[in-house]
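Undergrad: Protein chains in written order, with full-length UniProt numbering: chain A, 1 to 315; chain E, 1 to 315; chain L, 1 to 315; chain S, 1 to 315.
Since the hints were derived computationally from the structure, they do not count as laboratory data.
Keep in mind that this is a model prediction, so the values were computed, not measured.
A couple of the hints might just be wrong.
One copy or two, either will do: identical chains are not told apart, so a pair holds if it fits within one copy or between any two.
As the list claims (entries may be wrong) - Derived PhoX-like pairs: lysine-lysine, alpha-carbon spacing no greater than 20 Å straight-line:
id, residue 1, residue 2
1, K266, K139
2, K224, K179
3, K162, K139
4, K224, K279
5, K211, K266
6, K38, K211
7, K279, K77
8, K38, K279
9, K279, K217
10, K217, K179
11, K139, K224
12, K279, K266
13, K77, K224
14, K38, K266
15, K162, K224
16, K139, K279
17, K217, K38
18, K77, K162
19, K279, K211
20, K179, K38
21, K217, K266
22, K217, K77
23, K211, K139
Protein chains: 4
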Amino acid sequence: MTATSRPGRPVLLGQNQYGKAENRVVRITRDGDTHRIKDLNVSVALSGDMDDVHYSGSNANVLPTDTTKNTVYAFAKEYGIESAEQFGIHLARHFVTSQEPIHRARIRIEEYAWERIAASDANSRFIGADEVRHSFVRKGQETRLTQITYDGESWEVVSGLKDLVVMNSTNSEFWGYVKDRYTTLREAYDRILATEVSGRWRFNWTGDEQKAPNWEKSYEQARKHMLQAFAETYSLSLQQTLYQMGARIINHRAEIDEVRFSLPNKHHFLVDLEPFGLKNDNEVYFAADRPYGLIEATVLRDGAEARIPADLTNL
Amino acid sequence: MTATSRPGRPVLLGQNQYGKAENRVVRITRDGDTHRIKDLNVSVALSGDMDDVHYSGSNANVLPTDTTKNTVYAFAKEYGIESAEQFGIHLARHFVTSQEPIHRARIRIEEYAWERIAASDANSRFIGADEVRHSFVRKGQETRLTQITYDGESWEVVSGLKDLVVMNSTNSEFWGYVKDRYTTLREAYDRILATEVSGRWRFNWTGDEQKAPNWEKSYEQARKHMLQAFAETYSLSLQQTLYQMGARIINHRAEIDEVRFSLPNKHHFLVDLEPFGLKNDNEVYFAADRPYGLIEATVLRDGAEARIPADLTNL
Amino acid sequence: MTATSRPGRPVLLGQNQYGKAENRVVRITRDGDTHRIKDLNVSVALSGDMDDVHYSGSNANVLPTDTTKNTVYAFAKEYGIESAEQFGIHLARHFVTSQEPIHRARIRIEEYAWERIAASDANSRFIGADEVRHSFVRKGQETRLTQITYDGESWEVVSGLKDLVVMNSTNSEFWGYVKDRYTTLREAYDRILATEVSGRWRFNWTGDEQKAPNWEKSYEQARKHMLQAFAETYSLSLQQTLYQMGARIINHRAEIDEVRFSLPNKHHFLVDLEPFGLKNDNEVYFAADRPYGLIEATVLRDGAEARIPADLTNL
Amino acid sequence: MTATSRPGRPVLLGQNQYGKAENRVVRITRDGDTHRIKDLNVSVALSGDMDDVHYSGSNANVLPTDTTKNTVYAFAKEYGIESAEQFGIHLARHFVTSQEPIHRARIRIEEYAWERIAASDANSRFIGADEVRHSFVRKGQETRLTQITYDGESWEVVSGLKDLVVMNSTNSEFWGYVKDRYTTLREAYDRILATEVSGRWRFNWTGDEQKAPNWEKSYEQARKHMLQAFAETYSLSLQQTLYQMGARIINHRAEIDEVRFSLPNKHHFLVDLEPFGLKNDNEVYFAADRPYGLIEATVLRDGAEARIPADLTNL
């Protein structure tokens with residue numbers, strides 16, 4: 001082997017973490033003939049006294065990533081999956097409290113929603129229900145997200161979503177902006193406003209002594225308020241719409257102190273039909289892929305600390 | 001330039017086609033304050049007297065792909081988009097009848113569905129409606145597909161969908177199969193059956209003298225029957241379920257003569273929890289990515305000709 | 001269970017096939033300290049006497065897809081992987097000859113190429129070689145493809161590649177085309193020509209009595225001739241370039257009778273810099289995503305039959 | 001419009017930024033017949049006095065994202081693209097110094113490498129060169145990355161790469177780790193070590209008064225040292241290999257103070273061939289997709305500050 005730098009040499013180890021990413025777990029719960037599904041993608045990241053494994057390769061402090069995978073599946077059986085948040089809390093607590101060298105755990109979860117398949121008339125008479133109790137179709141709309149972080153003392157829970165595409169076909173303008181030598185854009189007084197929402201919201205629940213939020217209801221309500229703010233804001237800029245989406249969540253959900261959005265402006269360009277002798281009265285648009293405007297901001301309850309990082313990660 | 005083969009040399013041109021792929025067109029229709037959206041991805045492929053452009057580079061018979069793009073947008077204005085099928089029929093007819101060298105047009109369309117955003121209570125009182133009339137969220141479930149082919153005389157319309165993920169959490173078995181030297185699989189008497197449906201169905205409408213189907217209703221009904229057959233079949237093999245899905249469509253929809261499915265068996269493996277002292281009573285599954293069983297078949301009305309190709313293309 | 005259609009009812013089964021798709025197999029061969037890698041993604045599709053499994057769910061004729069997966073891995077050990085083509089031939093022959101109900105096997109393989117990592121000076125003295133003999137970096141350029149089909153009597157081998165992006169920054173023109181009411185494109189006398197090559201070529205080897213090609217050399221040479229034809233053709237249309245690419249392969253490789261390409265015209269639009277007082281002398285381009293021209297054609301040895309399907313599949 | 005929260009209410013704006021993402025610019029430079037390509041994907045993010053546009057929708061301080069796109073293309077002409085880093089520095093300086101409300105610019109760039117196509121013998125005699133001077137094939141290996149941040153006073157440049165897949169087929173072990181109730185993994189004394197490198201390195205160049213690094217040479221050398229460290233480290237853990245990769249860069253490149261890697265452990269599982277009567281002597285592996293171990297760490301020059309964020313972003 002070649003000579004390489006070793007402890008004592010002037011190269012140090014900084015922040016580090018390890019774990020098993022993207023454990024796909026599906027949990028079925030049976031209530032008689034009626035089945036329920038929780039479908040998650042769980043990623044575990046652990047950190048603590050891990051210098052040696054980097055410097056010398058000693059694994060004496062390393063709980064294998066394979067074991068963290070096994071724990072995800074075992075806990076799905078032992079504790080069930082009441083909500084992604086609650087499941088992540090179980091996991092994070094376990095790793096930090098059961099392994100002395102592990103000081104911090106971060107659990108990230110994606111959740112995919114399913115809805116029931118309607119029964120045919122013949123079958124609904126047969127089974128006495130309008131939906132087949134063990135048959136599902138993936139909803140396919142947004143991917144729900146949560147991230148739980150625990151350092152043995154306090155909790156941070158950030159939930160949210162990605163992949164939710166929305167559009168207002170009117171009530172959006174863009175004018176009055178700075179013009180410089182490189183500006184060619186024309187002002188718009190009635191444009192399509194469309195984006196693919198990536199949003200995260202941070203809960204103010206931080207400790208076991210506080211009552212935890214109702215995670216499922218909180219998600220459903222935050223999503224609803226965000227969508228309504230998008231739909232009901234007469235927009236002079238995508239930034240204004242973003243702020244309203246965040247403010248609506250904070251004003252309606254006491255358990256949430258901070259919201260961050262990353263909103264690509266999915267440009268819909270009005271097609272110039274004049275060369276063909278046609279007038280395009282805001283009817284026909286070209287939906288462009290790249291480039292896209294990208295608007296990102298944090299909206300905060302007054303007095304709250306900003307903790308969601310500027311760059312939202314994909315998972 | 002280097003010497004290259006020319007006509008006269010023994011290398012011939014075979015099947016060829018050209019066009020503009022993936023024209024993203026969004027069409028807004030206004031009924032007072034109420035807006036409607038059609039959101040399509042349109043691909044044009046043309047063929048005919050095109051030997052010269054391949055042999056010598058002469059473009060004398062070539063309508064540019066850029067022109068076909070313009071035509072998509074212009075027709076969205078001139079004719080509107082009643083259904084993807086009807087829109088594709090307009091386009092195919094135009095290219096074949098307006099350009100003498102073009103003998104055949106194939107239009108492929110992907111359609112993305114949208115649903116309305118519910119209004120907040122305050123706003124629904126204000127606007128007098130439960131939904132914001134110009135605000136939409138992309139449904140995000142399946143991608144609807146159609147392919148229209150026209151040779152100047154007869155039509156072929158094949159519609160369908162992709163990306164629709166479905167699951168039965170019980171009522172699926174797999175046993176009684178062939179065992180050879182390489183077989184290690186254990187028989188299953190209660191397994192999860194999950195797949196991502198890619199399906200195509202061919203209409204028996206072939207000519208302008210026949211009454212065309214109601215394309216929108218046909219899609220909605222074919223999708224419904226297919227989902228119900230998936231849900232209601234007690235499955236001894238994915239092949240059996242596939243056949244039932246196709247047969248249900250053909251039995252209920254007189255306008256459809258042929259159905260083909262490509263169904264990846266999205267394996268959900270029961271996790272072995274015994275090493276942890278736990279019993280997995282069909283509760284905790286690992287959802288695997290690759291490899292996957294892949295089941296493909298055509299289901300036909302008796303007497304109908306099989307014309308959908310064995311390999312379904314992605315678009 | 002609900003009533004469903006059964007044999008006797010007028011819904012018939014058409015073409016069908018099944019198997020295990022995307023078996024990722026990595027085979028290491030050791031020649032002393034020097035390791036070699038073959039890295040494949042193998043998909044198996046089988047067909048034959050399979051009516052019963054569709055109609056009644058009887059698996060009596062079904063070799064499980066799990067067994068076909070096992071066979072891929074076992075054969076990688078027993079026979080090694082000399083070339084993707086040779087490996088696919090072993091597999092296809094096995095399935096058809098060992099299972100009476102299986103009449104036809106189609107093996108599709110993707111291959112990912114690797115190259116060795118150069119040793120540092122210190123280490124190359126230590127190991128006596130310029131490259132580390134067990135260390136590799138994935139080449140990452142094209143994905144090599146092959147498809148082997150066997151019906152118990154004759155073979156069809158179609159090889160090729162996808163994902164190979166090429167560009168000529170000059171020597172490409174486009175003019176003299178048809179202009180209709182919807183044409184706005186301006187003629188171009190010096191444009192960028194770029195495409196992402198998806199190509200397939202069919203071998204005229206069909207039977208065990210013929211000497212099989214040297215599959216590895218054939219691939220390397222076909223790829224080289226194709227690239228050189230792309231580079232050396234002064235292009236008046238992408239169709240012309242496509243024909244030259246195919247003709248060059250057929251003229252140089254006696255073992256290949258038919259070539260098909262699907263070539264997206266990856267548009268590079270000259271950016272209009274005049275509003276900024278700048279002249280764009282074919283220097284600055286916008287690389288567009290969608291839509292794209294799509295040019296597809298088959299090139300054939302005179303007298304050969306065209307058998308590669310018009311729609312190239314992704315795998 | 002519905003009532004929405006306004007300034008004065010207790011919801012505040014936090015960190016925010018905006019700009020045009022993914023501007024695809026291709027720059028051709030001609031040296032006689034010899035062309036050179038720079039192929040970039042440029043994303044602009046700006047921040048500063050932007051409260052009003054969020055609270056009220058006033059765009060008085062907003063340079064449109066469309067203008068930032070135009071600037072990318074205009075600068076490609078005016079200044080050329082010597083390196084991605086130098087190009088990003090030009091852009092960042094421009095936005096911060098030319099627009100009073102903009103206090104900070106962050107430019108992210110992806111670069112795609114191209115190599116020349118070899119000429120055929122006939123043509124190389126004709127053109128007097130072994131390579132066609134205007135013909136290129138995309139290298140397709142890693143994507144090169146850089147991020148330039150400027151606040152009007154000091155610079156931060158972080159470069160790196162993603163998508164580089166590497167493998168050692170031996171010289172990797174994993175044993176001596178923690179075992180708990182959920183541990184089933186067996187110790188490994190000769191395993192494949194494979195990963196897809198995502199790495200970032202921070203330069204200690206921060207101000208115009210310092211001599212800037214040779215960006216092109218720095219990239220080439222950092223990449224080389226990183227690959228050699230991967231190949232030449234006898235690995236007892238992926239963490240150890242990661243540390244060596246970072247240390248090798250810092251020890252050899254004085255201009256770099258900090259390196260961070262995110263290394264998915266691309267598991268290659270030895271296939272159990274015993275059921276088939278075969279011995280798998282480290283020859284046949286199954287390459288798994290998910291889940292994967294994920295190892296992330298920062299390596300620092302002694303005394304340097306850690307500034308690269310723990311979560312590497314994709315672009």
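Undergrad: Look at each hint and say if it fits the structure.
TA: Comparing the hints with the structure gives:
no.	hint	result
1	K266 with K139	between (23 Å within a copy, 17 Å between copies)
2	K224 with K179	neither (37 Å within a copy, 45 Å between copies)
3	K162 with K139	both (14 Å within a copy, 14 Å between copies)
4	K224 with K279	neither (37 Å within a copy, 39 Å between copies)
5	K211 with K266	neither (40 Å within a copy, 39 Å between copies)
6	K38 with K211	neither (24 Å within a copy, 46 Å between copies)
7	K279 with K77	between (62 Å within a copy, 8 Å between copies)
8	K38 with K279	between (50 Å within a copy, 19 Å between copies)
9	K279 with K217	neither (47 Å within a copy, 31 Å between copies)
10	K217 with K179	neither (46 Å within a copy, 38 Å between copies)
11	K139 with K224	both (16 Å within a copy, 15 Å between copies)
12	K279 with K266	neither (23 Å within a copy, 30 Å between copies)
13	K77 with K224	neither (31 Å within a copy, 34 Å between copies)
14	K38 with K266	between (31 Å within a copy, 16 Å between copies)
15	K162 with K224	within (14 Å within a copy, 28 Å between copies)
16	K139 with K279	neither (38 Å within a copy, 30 Å between copies)
17	K217 with K38	within (16 Å within a copy, 33 Å between copies)
18	K77 with K162	neither (28 Å within a copy, 33 Å between copies)
19	K279 with K211	neither (60 Å within a copy, 32 Å between copies)
20	K179 with K38	neither (51 Å within a copy, 29 Å between copies)
21	K217 with K266	neither (30 Å within a copy, 30 Å between copies)
22	K217 with K77	neither (23 Å within a copy, 44 Å between copies)
23	K211 with K139	neither (31 Å within a copy, 35 Å between copies)
Against the hints set out earlier in the document, violations occur for numbers 2, 4, 5, 6, 9, 10, 12, 13, 16, 18, 19, 20, 21, 22, 23.
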